[in-house]
Amino acid sequence: MKRLGVFICHCGVNIAGTVDVKSVAEKTGRVEDVAHSADYIYMCSEPGQQIIREAIRERGLEGVVVACCSPSMHENTFRKAVKSEGMNPYLCEIANIREQCSWVHQKEKTKATEKAEEIILATLEKVRENEKLEAISVSINRSAGVIGGGIAGMTAALDLAEGGYEVLLIEKEQALGGHMTQLSKTFPDLHPALPDLLAKAREIERHPKIDLHCYSEMEDVKGYVGNFELTIRKKATSVDWGRCNGCGLCIRDCPVEYVSPFERGLGVRKAIDLLYPGSVPQKPVIRRDHCRYFHDGSCRKCEEVCPEKAIRFDQQDERIGKKVGAIVVATGFELYPTEQLGEYGYGEIPDVIDGLALERMFSVDGPTQGRIIRPSDGTVPKEIVFIQCVASRDPDRYMPYCSRICCMYTAKQAKIYKEQVPDGQPYIFYMDIRADAKGYEEFLQKTIEEKGLLYLRGRVSRVFQDDGKVRILGVDTLTGKMVEVAADMVVLATAIVPSQGVKDLASKLRATVDRHGFLTEAHIKLYPVESSTKGIYLAGCGQSPKDISDTVSQASATASKIQALLSTDQLLQDPLIAFVDENICSGCGICVEVCPYEAREMNSRRGISVVHSALCQGCGACIAACPNFACELRNSSSVQTLRMLETFV
Amino acid sequence: METTTSVEKMDSSFLEEVSKRSGEKLSLCYQCLKCTAGCPTAPYMDIRPNSIIRMIQMGMKREVLESSAIWFCVYCQTCGTRCPNEIHIGVLMDALREMAMEEGVHAKEKNIHLFHEAFIQSVRRGGRAHEVTMLMDYMLRSRDLMKGSLIPGVKLFLKGKFPLLPSFVKGKGEIKRIFEKCTKAK
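Respectively, the protein sequence lines represent chains A and B. For the first sequence, numbering that gives the first Met the number 0 begins at 0 and goes up steadily by one. For the second sequence, numbering that gives the first Met the number 0 begins at 0 and goes up steadily by one.
Think of the hints as simulated: they come from the structure by calculation, not from any bench. You can trust all of the hints, since none of them are fake.
Okay, derived cross-link-like pairs now, DSS-like style, lysine-lysine, Cα gap no bigger than 25 Å in a straight line:
1. A:Lys21 x A:Lys108
2. A:Lys322 x A:Lys502
3. B:Lys107 x A:Lys480
4. B:Lys24 x A:Lys480
5. A:Lys437 x A:Lys184
6. B:Lys33 x A:Lys445
7. A:Lys533 x A:Lys221
8. B:Lys160 x B:Lys146
9. B:Lys146 x B:Lys107
10. B:Lys19 x A:Lys417
11. A:Lys322 x A:Lys560
12. A:Lys82 x A:Lys1
13. B:Lys60 x A:Lys381
14. A:Lys560 x A:Lys221
15. A:Lys125 x A:Lys26
16. A:Lys450 x B:Lys24
17. A:Lys208 x A:Lys533
18. A:Lys437 x B:Lys24
19. A:Lys480 x B:Lys33
20. B:Lys183 x B:Lys171
21. A:Lys221 x A:Lys234
22. A:Lys445 x B:Lys19
23. A:Lys480 x B:Lys60
24. A:Lys208 x A:Lys234
25. B:Lys24 x A:Lys417
26. A:Lys233 x A:Lys221
27. A:Lys233 x A:Lys502
28. B:Lys60 x A:Lys450
29. A:Lys560 x A:Lys79
30. B:Lys24 x A:Lys445
31. A:Lys450 x B:Lys19
32. A:Lys21 x A:Lys114
Chain A with its partners taken away, still in its complex shape (with noise of 0.2 Å):
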């Protein structure tokens, strides 16, 4: 017979203002393997901890029920506490009294009471069964991959790379630096976008520790924290980016040009071409749904006037394989797909656009080289309204979420419009100014107050064209009033959505999205940049909308978390998981099938089902699936389940 401990927490009022502590602490004491119990304000404090420790030494306890909060909570505070005393950490249980009972019945102190002790004998029943288990060691791959190379996954992996570990980069696109590209000046600073970004890509270009790939994507992951091994796709560019110098003839004597998305469908790319003038890496890709050789062969021109003879017209996908240790998701985001905004005339009327278009206008290297004209005529708007939260916190019809950087980059906007276009006048349909980050406020004060931007509070219900102006009928509540504007530009500061395919690329990394395709983080406040996945990271706008500094604070944390993973060559894992009655498998195989985990497999030679222990996560998802009662679960085996259960009935 064990000799057992009891340690009964008042968590302050949370326990004992419902339980009575003293009648638990003295009915369990009398329970006759029981050789100590006792009761205390804060277990989890100092000398709450004092107390379990004494006890061990002094009465020789051989396991412990801490009865107080959730194991999520305190589980691990104990379970070292009396490991500090020689004891196996894994007889050391919680009972939860907290969350489980008396949070729950406070209105009903004499039941609660009651409950709280059936829950302590139930788990003292579970700890008469539980066995000495040592954690599980599993050898790391000390190297990190990043998915994403925009501003998140770039400042991942350059701080990763300046840790002294080896990165693997991936981009879909043929160059770095996402959205950001696209970008012309960025609040509250009013530094340009491109210098700096073209500036890190560089870096990551030329350095020794970060393997990078363009115009590439992750098709399969398998493995576990500390040994994923990931299958790259690298789309075949029909450019042998080893031969190419750069110089461009190619660009410039390809005979077709179509619509660049890059551009807002304001400007054209050639059919081969780079992504952006002066992109990092600076070479160029055939989009084969473009050129005429991959049409009908008709045209090469690219081939014959390539100097280095880089052209491959025959090049296939390659798929290469690469193995790390910890994985970076920084995919960023897309704007809400307009063609689904017809009441704003997106798409029917030419001078409505979105925000990044706009954005594209002023860069000097866009379509129209810095000047902002109407798209329909070319003149210079003067009269030019924006509107924000278009399709976020619309709950009903689009998003329900604040896309949070729409009313800094509109001030912005009409800012800079109003440098350009003197005497032009800007309006600002919005809902609320939401200015929440070091010096946007100010920013924005500064802004309305210099530029005589007008602000009116109300959303828009109309979008129309009428002689040659767009006309748009909103209200400004501030007055109350309908109000119509006859404007030359319409900019609409459409909702922020995840990148299309994230929800394909959650499922092969076992993460999770929310219901919007946003990847969702193990806690909102205190594991904001883990993944419910241990191993899978989140930077950027992958997982919800946010500006750069946000989404570069968040990067850089998923290095810092990484390093810390990857400082040692072992990996301690909790040993609470499957294991497998060799006499009575059958290697039916049904467990391999349940496994969320792909933690089971099949051995052949010996003909039964074997664990992974390293990719077992403990879930039961085989114990319940079992038609032999073969598997059972560490420390949670179905004689300590019966038993708990015959407690409480």
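Mind docking chain B on chain A? Use the hints.
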């Protein structure tokens, strides 16, 4: 929502003119309503102080200058003291009253500007307002005998708030110069 403000070309000239005359940065107002919340006369105004600023931003010149609100302001400066953006609405209201008078626009209370003039003249004479002579002046200007105000007037008199003889400030010459300077500036 009775009326629609149609903005073909936004007329910011009213905003610019009022900003210039009052010297207040009216674009900065973010409608926190601190001014209206503390204003002792706001409950009696037809348009609240915060709305006056909004209407100026929207170029609603006629509505603002015709309002009674600009004449109801007693220049207590509570608004200006509390405004987070340092907008002194008292100063603004003064500028609006001047503009209304210049434009010959009258509030619904047709005598309200006469009361204002009687007050200014009283200050001009003695350096501070003298209620008895000021009210007599007003009655003569407006031909309003203020019968309804008789009882409150008697009460104030009994409390010694209506001194029969005016008292003058010491620096009468300075007061005179101030008034000369102001009239010349126009």
